[in-house]
Amino acid sequence: MSITYLEAIREAQYEALRNDPSVFLYGQDIATFGGAFKATKNLSKEFPNRVFDAPISEDAMVGMAVGAAIEGARPIIEMQFADFSSIGFNQIVNQAATLYWRTNVPCPITIRLPSGGTAGSGPFHSQSMEAIYAHYPGLVIVTPATVEDAYWMLLDSVTLDDPVIFCEHKFLYYHLKADQIGDRELPIGKARIARPGRHATIVTYSAMVHEALRAAEELQLDGYQIEVVDLRSVKPMDTDTILASVARTGRLLALGEAFPWGGVTAEIIARVTTDGFHLLDAPPMRLNSKDTPIPYHPNLWKAHRPTTSTIAAALRRLLRN
Amino acid sequence: MYPVALASSINCVETDLTADFRDQFLLTYQHMLLSRVLEEKLGSLYRAGGRIVGGVYLGKGQEAFSAALGVQLQKGKDIYGPLIRDQAGRIAFGEPIIDTVRTYLGAVTGPMRGRDGNIHRGRPKEGHMAMISHLGSLLSVVAGGLFARRLAGTLADSIGATSIGDGGTSTGSFHEGLNMAAVEKLPIIVSIANNQYAYSTPNTRQYACENLVDRAAGYGIEGITVDATDLASCLKAFRTAVANARAGGGPQMIVGTLLRLAGHGEHDDASYIPDKARQGPSARDCLQVAEDFARDRGWLSSAGLRELNEEVRRNVDQTVSKVSKEPAPDPFKENWQALSCAELVEGQHEA
Numbered sequence: 012m013s014i015t016y017l018e019a020i021r022e023a024q025y026e027a028l029r030n031d032p033s034v035f036l037y038g039q040d041i042a043t044f045g046g047a048f049k050a051t052k053n054l055s056k057e058f059p060n061r062v063f064d065a066p067i068s069e070d071a072m073v074g075m076a077v078g079a080a081i082e083g084a085r086p087i088i089e090m091q092f093a094d095f096s097s098i099g100f101n102q103i104v105n106q107a108a109t110l111y112w113r114t115n116v117p118c119p120i121t122i123r124l125p126s127g128g129t130a131g132s133g134p135f136h137s138q139s140m141e142a143i144y145a146h147y148p149g150l151v152i153v154t155p156a157t158v159e160d161a162y163w164m165l166l167d168s169v170t171l172d173d174p175v176i177f178c179e180h181k182f183l184y185y186h187l188k189a190d191q192i193g194d195r196e197l198p199i200g201k202a203r204i205a206r207p208g209r210h211a212t213i214v215t216y217s218a219m220v221h222e223a224l225r226a227a228e229e230l231q232l233d234g235y236q237i238e239v240v241d242l243r244s245v246k247p248m249d250t251d252t253i254l255a256s257v258a259r260t261g262r263l264l265a266l267g268e269a270f271p272w273g274g275v276t277a278e279i280i281a282r283v284t285t286d287g288f289h290l291l292d293a294p295p296m297r298l299n300s301k302d303t304p305i306p307y308h309p310n311l312w313k314a315h316r317p318t319t320s321t322i323a324a325a326l327r328r329l330l331r332n
Numbered sequence: 058m059y060p061v062a063l064a065s066s067i068n069c070v071e072t073d074l075t076a077d078f079r080d081q082f083l084l085t086y087q088h089m090l091l092s093r094v095l096e097e098k099l100g101s102l103y104r105a106g107g108r109i110v111g112g113v114y115l116g117k118g119q120e121a122f123s124a125a126l127g128v129q130l131q132k133g134k135d136i137y138g139p140l141i142r143d144q145a146g147r148i149a150f151g152e153p154i155i156d157t158v159r160t161y162l163g164a165v166t167g168p169m170r171g172r173d174g175n176i177h178r179g180r181p182k183e184g185h186m187a188m189i190s191h192l193g194s195l196l197s198v199v200a201g202g203l204f205a206r207r208l209a210g211t212l213a214d215s216i217g218a219t220s221i222g223d224g225g226t227s228t229g230s231f232h233e234g235l236n237m238a239a240v241e242k243l244p245i246i247v248s249i250a251n252n253q254y255a256y257s258t259p260n261t262r263q264y265a266c267e268n269l270v271d272r273a274a275g276y277g278i279e280g281i282t283v284d285a286t287d288l289a290s291c292l293k294a295f296r297t298a299v300a301n302a303r304a305g306g307g308p309q310m311i312v313g314t315l316l317r318l319a320g321h322g323e324h325d326d327a328s329y330i331p332d333k334a335r336q337g338p339s340a341r342d343c344l345q346v347a348e349d350f351a352r353d354r355g356w357l358s359s360a361g362l363r364e365l366n367e368e369v370r371r372n373v374d375q376t377v378s379k380v381s382k383e384p385a386p387d388p389f390k391e392n393w394q395a396l397s398c399a400e401l402v403e404g405q406h407e408a
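As you go down the protein sequences, you meet chains A and B in turn.
Counting in my numbering, the first sequence runs from 12 upward without gaps.
Counting in my numbering, the second sequence runs from 58 upward without gaps.
Just so you know, nobody snuck in bad clues.
Restricting the straight-line Cα-Cα distance to at most 27 Å, the calculated cross-link-like pairs of lysine-lysine (DSS-like) are:
| id | chain 1 | residue 1 | chain 2 | residue 2 |
| --- | --- | --- | --- | --- |
| 1 | B | K242 | A | K56 |
| 2 | B | K242 | A | K52 |
| 3 | A | K49 | A | K188 |
To be clear, the hints were calculated from the coordinates, so they are not data collected in a lab.
Work the whole structure out from these sequences, hints included.
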């Protein structure tokens, strides 16, 4: 008996619907069809009149969620792909994110973003949008890397009184399995040491946690112990855990799958160099995707994003400095 | 082809003028007058400088159309999403004018506490949505409130209503929101003040259909046009639409034809509006039209009007005077957090 990352997301939504009658699901093809990735499989059958097919209107989907939240509901909105949330961008950053600050009325909505690249998905079904949304005040951005986090952080997101952008990685949907969902260990906002080490720290999140762990294995063959910090949520970012890790290792590689300009990795470097410059034994490094749209062909796609081997190469450069 | 009824316009006739209609007419006229006098005061404060930072956006010429909707709604029951030129509608809905003045002056005592200003105000928990600047985006928010109520079984015969102008109908957000509201068959009034100009852009550069109300058929909803300078016809139109919506008739589009009798804001002299348009039938001042209508029927006397004017001006002056003495927001006392969950607010990473 095992459970995948995708099944954990489905189970969390089942639990959320079961726990609270004010929770409902709204998104394209999510009712009878069960969603493009089957993240809502059978939920419309188990919870009649709580799971709805939406018109292809990301802007209206988010706007309606904000209005529903004002009335006391806790909607979960499924974007079919994170990429399409750009159509709902205005409602997310201007309507949902400003509501509490402007009017003192909380906005408990959860927007699920099937994120990140898989081979063959191309420029418009592969994007990582976390940095775009993290830039705006008033949003919580979670990026689970494990089956447990996919489950517990989604449940936690639904109970939070603030808008949550839930970035679930499509590459992990089927590949990542756990024997069972363990106990809730950490709240949103706390990072996790995914692997302890003492020669260098990789700070990363989402699917890149697993690439980082494989690179750390590779470096172990050379006698290096690499610490891997899984941020779990990029906003809030657990700066304390990052700084404590860099204090142990003296070296930092900030790793992300998103585009290189600005973004989460730049934020990590900025925080460590401003608050922990004295902890660094070498200039910190960043590794992101290339600065082009995300390519279609697997040969190009694999070269566009960081991989175990490019991460390992980056670590070797970092350790030489 | 759409049924003729969808593109027809609604006109008030003498047989509509029941005692109940007369009472609502006079009440709405008072809201319109209060709105006009309040906005004139805000305009003069703006021109005097210093008191109002940011712009002042007036609804002059749109009071009848705006208030005729607001007066049909029940505060505490219905959801209202007004837009820029809905001061009169907000008053008719039940917003106290002190909320307007406090928001324009940025008073910490107001609903927006100095965090947002002028027309960007509301009390969402009281059914008064606080518009953002992005046109069309409020439609789906109002629809969402109704959707949630239907799920919770609390909708009953409550409705939602939201306003927009000719320019706002060109946005994708407006289309998405209205289409969704139609698909979900929600009881929502969509009031379109066709005031001929979006800031300076004339309708010829805004849409290519004959009449905006023609679009109602495309959404599969009811639609009607009305001479928005004529309060009696506006009241009749919104009464009908609201009754339809409460009875389960789904979204109702009302297009009011009028001319904005002010600039986009007080910074704008509206020199782009040609004289011909200013002299046309849409340029009638709805407040004067309503006053004449009531006088002609003996509903208002000169003495009564004078008294009403004095009372309204006193009310406005006292409110402005009271708010002027209230404290401005203090940046050192401001709670600089955008999340309601304090434990998720990041520490201040300042250099």
